[in-house]
Amino acid sequence: DAKTTQPNSMESNEEEPVHLPCNHSTISGTDYIHWYRQLPSQGPEYVIHGLTSNVNNRMASLAIAEDRKSSTLILHRATLRDAAVYYCILREKDTGFQKLVFGTGTRLLVSP
Amino acid sequence: SQTIHQWPATLVQPVGSPLSLECTVEGTSNPNLYWYRQAAGRGLQLLFYSVGIGQISSEVPQNLSASRPQDRQFILSSKKLLLSDSGFYLCAWSLWPRLAGDPSSTDTQYFGPGTRLTVL
Numbered sequence: 001d002a003k004t005t006q007p008n009s010m011e012s013n014e015e016e017p018v019h020l021p022c023n024h025s026t027i028s029g030t031d032y033i034h035w036y037r038q039l040p041s042q043g044p045e046y047v048i049h050g051l052t053s054n055v056n057n058r059m060a061s062l063a064i065a066e067d068r069k070s071s072t073l074i075l076h077r078a079t080l081r082d083a084a085v086y087y088c089i090l091r092e093k094d095t096g097f098q099k100l101v102f103g104t105g106t107r108l109l110v111s112p
Numbered sequence: 113s114q115t116i117h118q119w120p121a122t123l124v125q126p127v128g129s130p131l132s133l134e135c136t137v138e139g140t141s142n143p144n145l146y147w148y149r150q151a152a153g154r155g156l157q158l159l160f161y162s163v164g165i166g167q168i169s170s171e172v173p174q175n176l177s178a179s180r181p182q183d184r185q186f187i188l189s190s191k192k193l194l195l196s197d198s199g200f201y202l203c204a205w206s207l208w209p210r211l212a213g214d215p216s217s218t219d220t221q222y223f224g225p226g227t228r229l230t231v232l
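Listed in order, the protein sequences are those of chains C and P. Here the working numbering is used: position 83 in the first sequence is 83, and no number is missing along the way. Take any residue in the second sequence, note its place counting from 1, add 112, and you have its number in the working numbering.
Quick caveat, the hints were computed from the structure, so don't treat them as lab data. One or more of the hints may lead you astray.
Sample of chain C residues at the chain P side, in silico, Cβ under 8 Å [as the list claims (entries may be wrong)]:
| hint | residue |
| --- | --- |
| 1 | Q42 |
| 2 | G43 |
| 3 | P44 |
| 4 | Y46 |
| 5 | A63 |
| 6 | A65 |
| 7 | F102 |
| 8 | R107 |
| 9 | S111 |
Just so it is clear, the structure is predicted and the values come from calculations on it, not from any experiment. Even glycine gets a Cβ: it sits at the ideal position worked out from N, Cα and C.
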């Protein structure tokens, strides 16, 4: 799996938007960008994924740079429950079984 | 819908004692299964994965072993625990190569609630 780089931590206030960046300068054309998050004392949960176009779901939005060398996970209105470690992971498409490799992620702190 | 169970939720064991952690998945068949460990304040480390009954791949040499006696059951074991085995153990499942009807599916993994193991 190609490598991703994320800030160690970020802070936000409740009800404000949060933009979590991820750099993946060595991404290949077949790599999907996945985001997971891990709430305290819980297992990670899937957030969103995309390939080239921006993606939206009920949890978040994913903005992918035109050259695909970076992406941003957007939480439109942070809540206290969004405080978690967010992981950006690259996955190859349709190349057989692939292991999910977690980095250290970004710890998001949300203040009331 | 699919659910994943792990037990026990917490466990305190003395050094040198055996270990058995169990993970079961409901609502799907022939899943890929994974065991991860997360040491305190650290990232997730993949320990084992399985693509089918009796098929186990080990990622890190250690005194742990895994078994898959049934399609939706994954067991993590040790004959003698070490202090360094303490951590948060997570089981996960996924479907590969595709979820039916979802051409963009790329092995999304779904994690269980975890077992917190303390070795004293």
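Broken hints, numbered, in rising order? Hints 5, 6, 8, 9 contradicted; others consistent.
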